[in-house]
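In this text, residue positions in the sequence shown follow my numbering: the first is 155, and each later residue adds one.
There's no promise every hint is true.
Said to hold, decoys possible - Straight-line C-alpha distance at most 20 Å; calculated EDC-like pairs for lysine to aspartate or glutamate:
1. K362 to E287
2. K362 to D224
3. K362 to E336
4. K184 to E287
To be clear, the hints were calculated from the coordinates, so they are not data collected in a lab.
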Amino acid sequence: MTDRSEDRTSEATMTSNQPPAFADRLPPAKDLLRWGLAAGALIVVTAAVLGLMGQSVWCRCGNLSLWAGDIWSSHNSQHPLDPYFFTHVLHGVLLCGCLYWLPRSIAAGWKFLLAVTIECGWEILENSSLVVERYRTATISLDYYGDSVCNSVFDVLACALGYGIASLAGRGKSVALIVTSELLMTLAVRDCLTLNVIMLVYPLEAIKQWQLGG
């Protein structure tokens, strides 16, 4: 009887000491600075590439506001923060979930760096003439001419933030975060990551008219 009780106590202790799901996707605390600097270098390179592509550093209007909340205005995607910041947080959450399935022999830091690299690559692709024109013709972003450099930098930082949140929160809370964010975005601005992807890949006129307030 005593042995069984000890076994149950031991199992309970082991369970309580286990890290949350995805926790191994975040670099150990002692290595965070090193991997953070590597991610920072990637962001600097991305910013330089976007500058060479002709993207403005900040909004050309000269307004140095950090936040632009109106997705219908020319300020959208031109300031560091806007409602789409939260969709980029979800990029990080989703990338964390996908990279979780890579072999555990790959260091957590490399997986984090891969997530940042993917997001940087997307920011460059998103600002290419092909994708910009696609956004303008197929979605509600009629006056979209690409992101400013500072906006893209903060989008990548949002992705890194989302990756970190998912690493610590685990599967259940990450799913709850995704659902909550998508619902709140839809209610607030009639757009979200899911709708953004649908309208970019397979645009539906009914969704576009609803987003435009029709």
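Verification of the hints:
For a cut-off of 20 Å, the pair hint linking K362 to E287 stands: about 16 Å separates their Cα positions. The straight-line distance between the Cα atoms of K362 and D224 is roughly 17 Å, inside the 20 Å bound, and the hint therefore holds. A C-alpha spacing of about 17 Å is found between K362 and E336, which places the hinted pair at or below 20 Å, so the restraint holds. With a C-alpha separation of about 44 Å, the suggested pairing of K184 with E287 is violated against the 20 Å cut-off.
This entry does not satisfy hint 4, going by the numbered hints stated previously; all others are met.
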